[in-house]
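Read in order, the letters of the sequence shown correspond to residues 10 to 175 in our numbering.
None of these hints come from the bench; they were simulated from the model. Owing to the predicted nature of the structure, the values given are computational and were not obtained by experimental measurement. C-beta: ideal position from N, C-alpha, C; glycine also. Check the hints yourself; a few may be wrong.
[Claimed, not checked] So the derived label-pair ranges between C-beta atoms look like this:
hint, residue 1, residue 2, range
1, Asn140, Leu109, 43 to 53 Å
2, Met10, Lys111, 19 to 29 Å
3, Phe17, Pro102, 11 to 21 Å
4, Pro102, Gly13, 48 to 58 Å
5, Leu67, Arg15, 53 to 63 Å
6, Pro121, Ile39, 50 to 60 Å
[Unchecked claim] Quick list of in silico lysine-lysine cross-link-like pairs, DSS-like style, CA-CA up to 30 Å:
hint, residue 1, residue 2
7, Lys105, Lys12
8, Lys12, Lys75
9, Lys46, Lys75
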Amino acid sequence: MLKGFRDFILRGNVIELATAVIIGGAFTAIVTAISDKIINPLIAAIGSPESPALSFYLRDGVEATKVDIGAVITACINFLIVAAVVYFVIIMPMNKINELRKRGAPEDEVPPSSEELLAEIRDLIAQGRQNAVPDQRFAEGASGTPGVPGGAQDMPNSAGDGNPRH
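Please work from the sequences and hints to get the whole structure.
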């Protein structure tokens with residue numbers, strides 16, 4: 010159950026969406042302060058002292074016809090501030106973490122087939138035979154039969170004449 014929840018949470022789109030909502034809400038006060046105390050005075054400095062921002066009226070004296078270009082510029086700058094904070098503080102580190110996880114995760118190894126295992130065993134046995142030093146006890150048995158310890162008398166299927174019976 011927790012693994013499924015973790016997989017859901019770590020899914021890229023869910024994290025990015027949740028991050029954007031949370032960070033956007035949390036930085037509202039900061040962005041508002043920056044806009045009101047820094048950006049708006051700069052925009053007002055461009056305009057005349059009578060109009061505190063870049064704005065004009067479509068009909069003189071009618072407040073409903075005011076076009077406030079300074080407010081649009083401020084909103085765009087606010088958006089860029091929030092987007093930059095979200096990207097550099099949340100998205101970039103999360104992408105780095107995901108990249109490190111992918112690099113650290115071992116690739117799924119396919120277990121060798123039976124044929125591959127048998128071929129490897131065959132090769133090891135063949136290599137062992139080539140590298141083996143013959144044991145002098147087995148070089149020639151007591152009765153003169155090569156490779157048989159103690160000769161033919163030690164073999165259960167022999168008649169004692171040195172010829173094994175099968």
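So, going through the hints one by one against the coordinates:
{"no.": "1", "hint": "Asn140 x Leu109: 43 to 53 Å", "result": "holds (44 Å)"}
{"no.": "2", "hint": "Met10 x Lys111: 19 to 29 Å", "result": "holds (25 Å)"}
{"no.": "3", "hint": "Phe17 x Pro102: 11 to 21 Å", "result": "holds (20 Å)"}
{"no.": "4", "hint": "Pro102 x Gly13: 48 to 58 Å", "result": "violated (24 Å)"}
{"no.": "5", "hint": "Leu67 x Arg15: 53 to 63 Å", "result": "holds (56 Å)"}
{"no.": "6", "hint": "Pro121 x Ile39: 50 to 60 Å", "result": "holds (59 Å)"}
{"no.": "7", "hint": "Lys105 x Lys12", "result": "holds (21 Å)"}
{"no.": "8", "hint": "Lys12 x Lys75", "result": "violated (55 Å)"}
{"no.": "9", "hint": "Lys46 x Lys75", "result": "holds (22 Å)"}
Violation of the numbered hints given earlier is confined to hints 4, 8; the remaining hints are satisfied by the structure.
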